[in-house]
Amino acid sequence: MATGGTRVEVKRERLGTVGGTDGLRVKNLNAHQLLRGGDIEGPNQPAHLDGEELTRYVEERVLTTTLDSAVAWARSNSFFPLAFGLACCAMEQFQAAGPRMDIARFGFEAFRASPRQADLIILAGRVSIKMAPIIRRLYDQMLEPKWAISMGACCSSMGVFNNYALVPADKFMPIDVHVPGCPPRPEALMHGILKLRDLVQNDPEAGWRERYDAVGTEERP
Amino acid sequence: MPDATGLELLAKDLGDAALRTVYFREQATVEVDPGRIREVLSDLRGRGFNFLASVHGVDHYPEEPRLGVVYELIDMRKVDRLTVKVRVPLDTPEVDSVTPEWPTADHQEREVYDMFGVVFNGHPDLRRILMPEDYEGHPQRRDFPVGGEPVIFTRDESKWLEHRE
Amino acid sequence: MAGAPRVSPAEDTTLSDYRRREQSVTLSALEEPLPDSGGDPTQELLTLNFGPHHPATHGVLRLLVTLQGEIVRDIKPIVGYVHTGIEKTAEDKAYWKVIPVVERMDYLSYYFNAMAYCGAVERLVEVEVPKRAQYLRVIHLELNRIASHLIWLGTSALDLGAVSIFLYCLRERELILDLFEMSSGARMHTRYFQVGGVAEDIPSGFAAKLREFLDAMPERADEYGAILNSNEIVLQRLRGTSIVDQQTLLDLGVTGPLLRATGNPWDLRKADPYSSYEDFEFNIPVGTVGDNYDRFAVRLAEIYESVKIITQALDGLPEGPYITEDRKVALPPRHELATSMEALIHHFKLVTEGFRVPPGEVYNPIESPRGELACYVRSDGSSKPARVHMRDPSFVNLQALAPMATGSYIADMIAATAMLDPILGGIDR
Numbered sequence: 715m716a717t718g719g720t721r722v723e724v725k726r727e728r729l730g731t732v733g734g735t736d737g738l739r740v741k742n743l744n745a746h747q748l749l750r751g752g753d754i755e756g757p758n759q760p761a762h763l764d765g766e767e768l769t770r771y772v773e774e775r776v777l778t779t780t781l782d783s784a785v786a787w788a789r790s791n792s793f794f795p796l797a798f799g800l801a802c803c804a805m806e807q808f809q810a811a812g813p814r815m816d817i818a819r820f821g822f823e824a825f826r827a828s829p830r831q832a833d834l835i836i837l838a839g840r841v842s843i844k845m846a847p848i849i850r851r852l853y854d855q856m857l858e859p860k861w862a863i864s865m866g867a868c869c870s871s872m873g874v875f876n877n878y879a880l881v882p883a884d885k886f887m888p889i890d891v892h893v894p895g896c897p898p899r900p901e902a903l904m905h906g907i908l909k910l911r912d913l914v915q916n917d918p919e920a921g922w923r924e925r926y927d928a929v930g931t932e933e934r935p
Numbered sequence: 019m020p021d022a023t024g025l026e027l028l029a030k031d032l033g034d035a036a037l038r039t040v041y042f043r044e045q046a047t048v049e050v051d052p053g054r055i056r057e058v059l060s061d062l063r064g065r066g067f068n069f070l071a072s073v074h075g076v077d078h079y080p081e082e083p084r085l086g087v088v089y090e091l092i093d094m095r096k097v098d099r100l101t102v103k104v105r106v107p108l109d110t111p112e113v114d115s116v117t118p119e120w121p122t123a124d125h126q127e128r129e130v131y132d133m134f135g136v137v138f139n140g141h142p143d144l145r146r147i148l149m150p151e152d153y154e155g156h157p158q159r160r161d162f163p164v165g166g167e168p169v170i171f172t173r174d175e176s177k178w179l180e181h182r183e
Numbered sequence: 002m003a004g005a006p007r008v009s010p011a012e013d014t015t016l017s018d019y020r021r022r023e024q025s026v027t028l029s030a031l032e033e034p035l036p037d038s039g040g041d042p043t044q045e046l047l048t049l050n051f052g053p054h055h056p057a058t059h060g061v062l063r064l065l066v067t068l069q070g071e072i073v074r075d076i077k078p079i080v081g082y083v084h085t086g087i088e089k090t091a092e093d094k095a096y097w098k099v100i101p102v103v104e105r106m107d108y109l110s111y112y113f114n115a116m117a118y119c120g121a122v123e124r125l126v127e128v129e130v131p132k133r134a135q136y137l138r139v140i141h142l143e144l145n146r147i148a149s150h151l152i153w154l155g156t157s158a159l160d161l162g163a164v165s166i167f168l169y170c171l172r173e174r175e176l177i178l179d180l181f182e183m184s185s186g187a188r189m190h191t192r193y194f195q196v197g198g199v200a201e202d203i204p205s206g207f208a209a210k211l212r213e214f215l216d217a218m219p220e221r222a223d224e225y226g227a228i229l230n231s232n233e234i235v236l237q238r239l240r241g242t243s244i245v246d247q248q249t250l251l252d253l254g255v256t257g258p259l260l261r262a263t264g265n266p267w268d269l270r271k272a273d274p275y276s277s278y279e280d281f282e283f284n285i286p287v288g289t290v291g292d293n294y295d296r297f298a299v300r301l302a303e304i305y306e307s308v309k310i311i312t313q314a315l316d317g318l319p320e321g322p323y324i325t326e327d328r329k330v331a332l333p334p335r336h337e338l339a340t341s342m343e344a345l346i347h348h349f350k351l352v353t354e355g356f357r358v359p360p361g362e363v364y365n366p367i368e369s370p371r372g373e374l375a376c377y378v379r380s381d382g383s384s385k386p387a388r389v390h391m392r393d394p395s396f397v398n399l400q401a402l403a404p405m406a407t408g409s410y411i412a413d414m415i416a417a418t419a420m421l422d423p424i425l426g427g428i429d430r
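Chains as they are written, first to last, in our numbering: chain A, 715 to 935; chain B, 19 to 183; chain C, 2 to 430.
Incorrect hints may have been included.
Claimed, not checked - List of simulated lysine-lysine pairs, DSBU-like, C-alpha gap at most 30 Å:
| # | chain 1 | residue 1 | chain 2 | residue 2 |
| --- | --- | --- | --- | --- |
| 1 | C | K98 | A | K885 |
| 2 | C | K94 | B | K103 |
| 3 | C | K132 | B | K96 |
As the list claims (entries may be wrong) - Chain A is faced by these chain C residues, among others (derived, beta-carbon under 7 Å):
| # | residue |
| --- | --- |
| 4 | P56 |
| 5 | V83 |
| 6 | K89 |
| 7 | T90 |
| 8 | Y108 |
| 9 | L171 |
| 10 | R172 |
| 11 | E175 |
What the hints assert, rightly or not - Residues of chain A placed beyond 12 Å of chain B at every Cβ, according to the derived structure:
| # | residue |
| --- | --- |
| 12 | L768 |
| 13 | V772 |
| 14 | D782 |
| 15 | R789 |
| 16 | D816 |
| 17 | F825 |
| 18 | Q831 |
| 19 | E858 |
Simulated from the structure, these hints should not be mistaken for lab results.
Glycine included, every Cβ here is placed at the ideal spot set by N, Cα and C.
The task is simple: from the sequences and hints, build the whole structure.
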């Protein structure tokens, strides 16, 4: 083909020197020139940018951050929840993964079956005394960093059944976010997960009192 | 549900194994001597009640004999139900197991044992089924406390521990 | 403690025998050669633990499976990992307050739990449920049956590998949960059934939305049938696997779609009708062979039958009160509290103490999506029940897993568990 055989016409051209509307228009990716602003050729060629304008030009196009924030952003936007449902709350967890309240649009649809591959455990349902050591073992098998959401009233605070058979989840493992409800709506579960996402991204005091400057309105003990 | 007279006739047929009959809200119950439960159920199976729907326990505290086991039978051809009841005192809570003839009673008798402490003689594998196997106590007896635990949230732990000390 | 020799948990004599067995991790304790294999290491029985946390067991079911190669030789289910003490909690609360507690037992068919319990208490108190309330109950029960079958279908298809059906079923279930939210305010565990009727009348717009749903549902069910019935993998996995004959199932006390798949048309809605089921015309789908495919087909067909029942109930919905007029049992309507002194007193008594129930025992069975769900209530004359026991169908049906799974492959065991439709909340209570 290079010598012109097989009835293919070969036209040799020099890159970077072609102008006009037909033929191959190749941009010479010269970073130095791009940073200076504008096109390399053509009518839009501005004057070279300097100082303030250059800083602004760069800031509009390049994002800088610390490595910690970048890692936190990545971690928070890709939780791998453990596919773990105990009781009724698991049904609402399914609905949260379902088509209407789609958990996948936030990036959390990869429910892993193995605790070694998961970093978020959503305790969906009531924790009985027989199940508590097993959940602790699962939580121990998860790799750092890991978070836990206690979904529903039963595992957060014994719920409807305050009796001999149940254990509150905080007794044997640390919980980051409690989602109240019996069972909580998928929207409520999403709210809890997004709060956890904020927690991981910013580590703020996400309470409404700080946000709305209402400090001093706490209930008196 | 055989009507009240049908129930009396049935009790007469069962002979001295049947201690009492109760016909309440269109439901027929025969109370039976605990030692003869297996032959009574076989007899009833011969009469058409060939489906054992449920085996469950009751605690009649404070009446004696305290622990009861209730067997629900169905006659599928005539669509009839019959309840057979057995009562045992707390110090000798032993009943013959009906599992060899009625395999459905396997898990259900284990549950009665777990929750009430009724020991079923002849059961192939009498262990606790709902509570952990080394749990002590029989939860659904009336004098067992309901229980419950105080809840401390993770973020409050430090404050709660300070408060304790 | 630094100088003490470290005892492994398997030999620690201070632990109970059960805990020691649990902590032992050497597989040599679990492998044993078959008696007639002559010590051949390729003929060993291996006991595996399908632990409570497993993606393919429906809920926290633990299975101890003894395998010879890939063939299941013995299977022992271990349950109790969601035991909530519902029956004990129910003894502690007034009759009215037991309804939300008992609803959370079989957490996919919550209306059925409430129906069994309310039916039992209504029999004890001898209160009559008005006709409109019965029809409303039937509508909600059949909607719940469809919702339960949809989750069953979704999770079973997920086990078999057909992932998209899960999302389709959840989409339909959202429509049903919307209807529940319209009538009672909550999506699950709605506390809609009360002793004597239903808590509130259906709002305007409910009937129209329900009709839309009823028009759409049969087509959607056709979609599921079309997708699964032409899927070679699903057919191969379900046809001819886990066949159990009818007499074994009857001996094991199995009811519901499992029994109907073997050809026995035992359905309490037809055999012993309750709550106006005798007014409706519907068929009972029944299988022929008793394999996994029949169980699947029976449940799929039941969805169509439920749609028929709801349509008839909606068309024939009578006017009238939605709860009994007996003020000793049911709360008076709010507008009466301002004008009638008796209504105020009744309201006060019902809310603080609750109604008293004459002493006696009652066993009330209904047909839930999994089989015979019954509630046994024993009353001693006070305002709290002395014993509430729910005879849960999954608890008894679980005993059928052993004959279904032994002698077949692990994959068939997974399919059998899926077709068994166990709900661990009901099993463990």
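ask   = Is the Cβ of E858 of chain A more than 12 Å away from each Cβ in chain B?
value = Per Cβ check, E858 of chain A is outside 12 Å of chain B; nearest 17 Å; holds.
ask   = With d taken as the least Cβ-Cβ distance between R789 of chain A and chain B, does d exceed 12 Å?
value = Holds, since 20 Å exceeds 12 Å.
task = Go through the hint on E175 of chain C and say holds or violated, using the shortest Cβ distance to chain A against 7 Å.
result = holds (5 Å)
Reported absence of F825 of chain A from the contact zone with chain B (all CB gaps over 12 Å) = At about 24 Å from chain B, F825 of chain A clears the 12 Å cut-off, so the statement holds.
query = Within 30 Å, alpha carbon to alpha carbon, are K98 of chain C and K885 of chain A?
reply = holds (28 Å)
message = Between the alpha carbons of K94 of chain C and K103 of chain B, is the straight-line distance 30 Å or under?
response = holds (26 Å)
query = Taking C-beta pairs only, is D816 of chain A more than 12 Å away from all of chain B?
reply = Holds: least Cβ distance 29 Å, greater than 12 Å.
message = V83 of chain C was flagged as interface toward chain A. Is the shortest Cβ-Cβ separation under 7 Å?
response = holds (5 Å)
ask   = Are all C-beta atoms of chain B more than 12 Å from that of V772 of chain A?
value = holds (42 Å)
query = At a threshold of 7 Å, is the proposed contact between Y108 of chain C and chain A supported by beta-carbon distances?
reply = holds (4 Å)
query = Does the nearest C-beta of chain A fall within a distance shorter than 7 Å of the C-beta of L171 of chain C?
reply = holds (3 Å)
key: Proposed interface contact between K89 of chain C and chain A, which counts if any beta carbon pair is under 7 Å   = This interface hint holds because 6 Å falls under the 7 Å limit.
In this structure, none of the earlier numbered hints is contradicted; all agree with it.
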